[in-house]
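Quick mapping for you: the protein sequence lines, in order, are chains F and W.
FYI, numbering that gives the first Met the number 0 numbers position 108 of the first sequence as 107, with every residue one higher than the one before it.
FYI, numbering that gives the first Met the number 0 numbers position 18 of the second sequence as 17, with every residue one higher than the one before it.
Treat the hints loosely; a few may be bogus.
As the list claims (entries may be wrong) - Partial chain F-side listing against chain W, Cβ under 7 Å, derived:
#, residue
1, F93
2, P103
3, F105
4, W106
5, R124
6, G148
7, R153
8, V165
9, R166
10, L168
11, T169
12, E171
13, L183
14, H187
If you are wondering where the hints come from, they were derived from the structure by calculation, not from laboratory data.
From a predicted model like this one, the values you see are computed outputs, not experimental measurements.
Using N, Cα and C, we set each Cβ at its ideal position, and we do this for glycine too.
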Amino acid sequence: MTLKIGLPSKGRLMDKTYAWFTDRGVEMRPSGDGREYVAHAGIAGLEIVLLSAGEIPRELGAGRIHLGVTGTDVVRDRLPVWEDQVAEIAALGFGHADLLIAVPRFWSDVDTLHDLDAVAAAFRRQHGQRLRIATKYHRLVREFLRAEGVADYRLGDSQGATEGTVRNLTAEAIADITSTGETLRANHLKPLRDGVILKSQATLFKSRQAQWGAAERSALAALLDRIGAAS
Amino acid sequence: MTQTERIRTETDRLLAAFEAVGAERFETGMLQPAEVLLDLYGEDIRARAFVTMDPLQGELMLRPDFTVPVVQAHLASGRGAARYRYAGPVFRQQTERSARPSEYAQVGFEEFGAGDAARADAQVFSLFSAVLSPLGLTVATGDIGLLRGAVAGLETTELRKGALLRHLWRPRRFRAVLERFSQPRPDPVPAMAEDVPEIGLRSRAEVAERLPRLAEDAAAPPLPAGQSALIMALLGIKETSANALSQLRDLAVDMPGIRAAVTGFDARLEALETEGVAADSLAFEASYGRTSMEYYDGVVFGFYAEKRPDLPPIATGGRYDALTRALGGASAPAAVGGVIRPELIAELERAG
Chain F
0 MTLKIGLPSK
10 GRLMDKTYAW
20 FTDRGVEMRP
30 SGDGREYVAH
40 AGIAGLEIVL
50 LSAGEIPREL
60 GAGRIHLGVT
70 GTDVVRDRLP
80 VWEDQVAEIA
90 ALGFGHADLL
100 IAVPRFWSDV
110 DTLHDLDAVA
120 AAFRRQHGQR
130 LRIATKYHRL
140 VREFLRAEGV
150 ADYRLGDSQG
160 ATEGTVRNLT
170 AEAIADITST
180 GETLRANHLK
190 PLRDGVILKS
200 QATLFKSRQA
210 QWGAAERSAL
220 AALLDRIGAA
230 S
Chain W
0 MTQTERIRTE
10 TDRLLAAFEA
20 VGAERFETGM
30 LQPAEVLLDL
40 YGEDIRARAF
50 VTMDPLQGEL
60 MLRPDFTVPV
70 VQAHLASGRG
80 AARYRYAGPV
90 FRQQTERSAR
100 PSEYAQVGFE
110 EFGAGDAARA
120 DAQVFSLFSA
130 VLSPLGLTVA
140 TGDIGLLRGA
150 VAGLETTELR
160 KGALLRHLWR
170 PRRFRAVLER
180 FSQPRPDPVP
190 AMAEDVPEIG
200 LRSRAEVAER
210 LPRLAEDAAA
220 PPLPAGQSAL
230 IMALLGIKET
240 SANALSQLRD
250 LAVDMPGIRA
260 AVTGFDARLE
270 ALETEGVAAD
280 SLAFEASYGR
290 TSMEYYDGVV
300 FGFYAEKRPD
310 LPPIATGGRY
320 DALTRALGGA
330 SAPAAVGGVI
340 RPELIAELER
350 AG
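Sequences and hints are given; from them, build the entire structure.
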């Protein structure tokens with residue numbers, strides 16, 4: 000049996016993940032034809048499975064991979080009982096991003112969730128519909144707003160270019176991942192002072208659902224020893 | 000008897016009991032248009048119900064309960080008073096760590112347009128109490144009307160009362176807003192952001208309209224000392240109904256806003272006695288039912304199996320005039336009713 004580790008298949012997240020492991024003596028580089036990555040780590044039975052970062056939570060949750068690197072944001076959004084399905088092994092220190100609520104910058108009357116709630120009520124009276132918040136993180140946003148007691152809004156699905164939805168009149172506010180705030184400013188949006196839903200970063204997760212035989216356990220122990228983490 | 004047979008027998012027994020008090024049969028489809036439910040309950044319902052998509056009709060929901068369809072049907076009929084009975088499966092997402100089913104049966108009774116609220120409340124409660132009596136359940140009751148009255152009677156601006164009334168059903172938010180209004184608010188009031196482009200459906204005029212209200216709110220004095228403590232004292236009442244009534248009368252001396260609701264509470268206890276319910280010893284909890292359903296705005300009740308804390312309530316119900324008004328306008332008929340879960344009764348019978 001092999002210890003399957005799901006890693007992001009493209010982009011900066013992929014490059015940084017491989018650099019992170021390589022720095023810790025778990026060397027990873029492309030195979031001869033460049034189509035797949037193999038671990039040259041001297042760790043018997045470690046197999047890399049390339050996946051899109053968004054698929055990794057699902058694969059971890061289903062136990063089809065033993066380990067995986069992805070953002071805490073997607074894990075918490077996609078896995079309903081994530082503490083039962085995965086465990087965090089190590090935060091990798093990159094891929095930092097905050098999931099936060101942002102509103103148009105000209106809304107000078109809105110600074111906090113209390114304002115957003117009051118404006119949502121007024122908006123509903125005025126326009127006969129709920130104030131729309133565009134996001135792709137439905138569960139996280141809904142749970143956050145419910146816990147904070149914000150009412151009279153509804154979520155609109157936006158799988159990309161979320162910052163543009165307000166200008167395009169498909170939403171009044173957004174909840175999205177932002178790493179710098181630059182994109183928000185460019186789109187005439189501003190974050191709410193108390194609207195940070197989650198601080199996310201790239202994290203190595205262990206699946207609680209996968210089959211953990213003796214071979215997988217010993218490969219995991221060797222890997223953890225190399226990267227200096229405890230399980 | 001198999002479990003399925005037990006459930007069917009129990010469903011038939013309950014429907015017969017509701018029919019015996021003149022409730023006509025109501026039926027509706029399992030797929031309901033999502034729009035009305037989303038409009039009433041917002042995102043909370045999306046987290047609880049199964050939403051699906053029809054290419055032509057748009058978003059549809061597997062019915063999460065019968066209440067909204069039965070209210071709509073009654074409003075559409077244009078009749079004043081009527082009683083309904085219904086039975087069938089309802090569907091709820093279970094995202095928490097629990098083994099609770101996503102599909103389960105409900106048997107319900109709803110009464111619309113009854114003139115005497117205390118009498119109607121008492122009759123519905125005693126009907127549920129009677130059909131459930133063989134099971135030896137514990138009862139919880141509450142009355143959202145008391146809190147509504149207490150808020151309406153606060154010495155503060157209409158704006159602040161409105162903000163609190165919106166959050167009657169969200170205890171944490173309600174408390175945060177109450178605390179906010181109990182403190183002086185020295186916040187500087189923002190000005191219009193002139194040099195920033197206007198984007199989206201909410202217009203600059205709407206911002207301009209809210210700014211003076213923020214100024215007004217910043218200038219409004221905090222709630223007089225003790226008013227928030229009185230509300231917390233009200234919410235803390237957990238007593239037999241007889242003792243609760245005497246505590247409520249004491250509170251009403253300092254809280255004129257609850258006087259009408261206390262009179263209604265008294266009248267309901269009397270009406271319950273008339274129906275043969277030992278009303279004085281009924282457990283009463285002022286904060287009961289605040290999180291179960293938005294739009295419950297009067298009496299609320301639940302029946303629980305004390306020996307089975309793992310089970311949800313066997314039956315729940317209450318008065319929801321706010322829901323019929325939300326769907327039918329200010330002149331919509333009053334409504335009170337409840338639902339029973341026959342498979343839980345079957346489970347209690349099976350376990351002996």
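Here is what the structure says about each hint:
| no. | hint | verdict |
| --- | --- | --- |
| 1 | F93 | violated (31 Å) |
| 2 | P103 | holds (5 Å) |
| 3 | F105 | holds (4 Å) |
| 4 | W106 | holds (6 Å) |
| 5 | R124 | violated (10 Å) |
| 6 | G148 | holds (2 Å) |
| 7 | R153 | holds (6 Å) |
| 8 | V165 | holds (4 Å) |
| 9 | R166 | holds (5 Å) |
| 10 | L168 | holds (6 Å) |
| 11 | T169 | violated (9 Å) |
| 12 | E171 | holds (5 Å) |
| 13 | L183 | violated (12 Å) |
| 14 | H187 | holds (5 Å) |
The structure is inconsistent with the numbered hints 1, 5, 11, 13, although it conforms to all the rest.
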